[in-house]
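Participant: Sequence:
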Amino acid sequence: MTKVKSGFVAVLLMVLQWTRLGLPSPLRPICDPRVLDRFIKEARDTEFAMRSCSEGCSLAEPLSVPLTSVDFAIWEKGDVSEKQAQEVQSGLWLLAQAISAVRVSITSTALHSLLDNSHSNIHSIGQVIRSLNFPEYTPPADGTVHEDTWRVSSTLELFRVHTNFLRGKVRLLLSHAPACRRDST
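With mature numbering (1 follows the signal peptide of the UniProt record, and there is no 0) as the guide, the letters of the sequence shown map in order to residues -24 to -1, 1 to 161.
It should be emphasised that the hints constitute simulated quantities derived from the structure, not laboratory data.
Just so we're clear, the structure is a prediction, and the values are computed from it rather than from any experiment.
Do not take every clue at face value.
[Stated by the list, open to error] Label pairs and their computed distance ranges (CB to CB):
id, residue 1, residue 2, range
1, Ser45, Ser81, 25 to 33 Å
2, Pro116, Pro154, 37 to 45 Å
3, Pro154, Ala36, 15 to 23 Å
4, Ser96, Ala36, 18 to 26 Å
5, Thr83, Phe48, 35 to 43 Å
6, Asn109, Ser84, 20 to 28 Å
7, Arg10, Val46, 19 to 27 Å
8, His99, Ser34, 20 to 28 Å
9, Ala117, Asp8, 31 to 39 Å
10, Lys59, Val80, 31 to 39 Å
11, Asn109, Pro38, 18 to 26 Å
12, Ser34, Ala155, 40 to 48 Å
For each residue, glycine too, the CB sits at the ideal point set by N, CA and C.
Produce the entire structure from the sequences given, and follow the hints as far as they go.
Facilitator: This is how it looks when you write it as structure tokens:
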């Protein structure tokens, strides 16, 4: 009998929670900040691993990466524009290209695993952004680099940019996305 009561109470609580009017709906799982926090933690772990990499981790030539600085006057307006989404997606594309270039030059299999994971995470974040109905980014066909970039000359710098880009522009884009606002349904 207690199993039936506890089951009934559980169902009743779910129905009451579901029918509560006027309360904001819970965030979609892709909007949960803990998901991005996991990606940021993994980026920081990779950055930390690159600090200890002395042999075989140098870059043959500097790599283009996105700027991580944010003009808060533009980003904090609360209106996420197509331009901001394109800026984040182009930055993710640049980071993916740079990580792929680094992977070719590094010989350590342990670091290959970290680089593969970083590349996979960037791809996943791109999928999250596309799932929020932002237009898909198309990389330049001629290989030109956007003017909002700078060049890094070490793997440590690359992964510092990676971490800061996720903590800054990616977090701002996701937090201001209409689908991720607590008042959206």
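Participant: Against this structure, judge whether each hint is valid.
Facilitator: Against the structure, the hints come out as follows:
The beta-carbon spacing between Ser45 and Ser81, approximately 28 Å, falls within the hinted interval of 25 to 33 Å. For the pair Pro116 and Pro154, the supplied restraint of 37 to 45 Å is violated, since their beta-carbon distance comes to about 28 Å. The hinted window of 15 to 23 Å between Pro154 and Ala36 is violated, with their beta carbons roughly 43 Å apart. Separated by about 24 Å at the C-beta atoms, Ser96 and Ala36 satisfy the suggested range of 18 to 26 Å.
Taking the beta carbon of each, Thr83 and Phe48 are about 41 Å apart, inside 35 to 43 Å as hinted. Checked against the hint of 20 to 28 Å, the C-beta distance between Asn109 and Ser84 comes to roughly 40 Å, which is inconsistent with it. Separated by about 22 Å at the C-beta atoms, Arg10 and Val46 satisfy the suggested range of 19 to 27 Å. Take His99 and Ser34: their Cβ atoms lie about 26 Å apart, and the range 20 to 28 Å holds.
Distance hint for Ala117 and Asp8: a CB-CB separation of about 35 Å, consistent with the stated range 31 to 39 Å. In this structure, Lys59 and Val80 meet the distance hint of 31 to 39 Å, their C-beta atoms being roughly 32 Å apart. For Asn109 and Pro38, the hinted distance range of 18 to 26 Å is not satisfied, since their beta carbons lie about 35 Å from each other. Taken as a hint, the range 40 to 48 Å holds for the pair Ser34 and Ala155, whose Cβ atoms sit roughly 42 Å apart.
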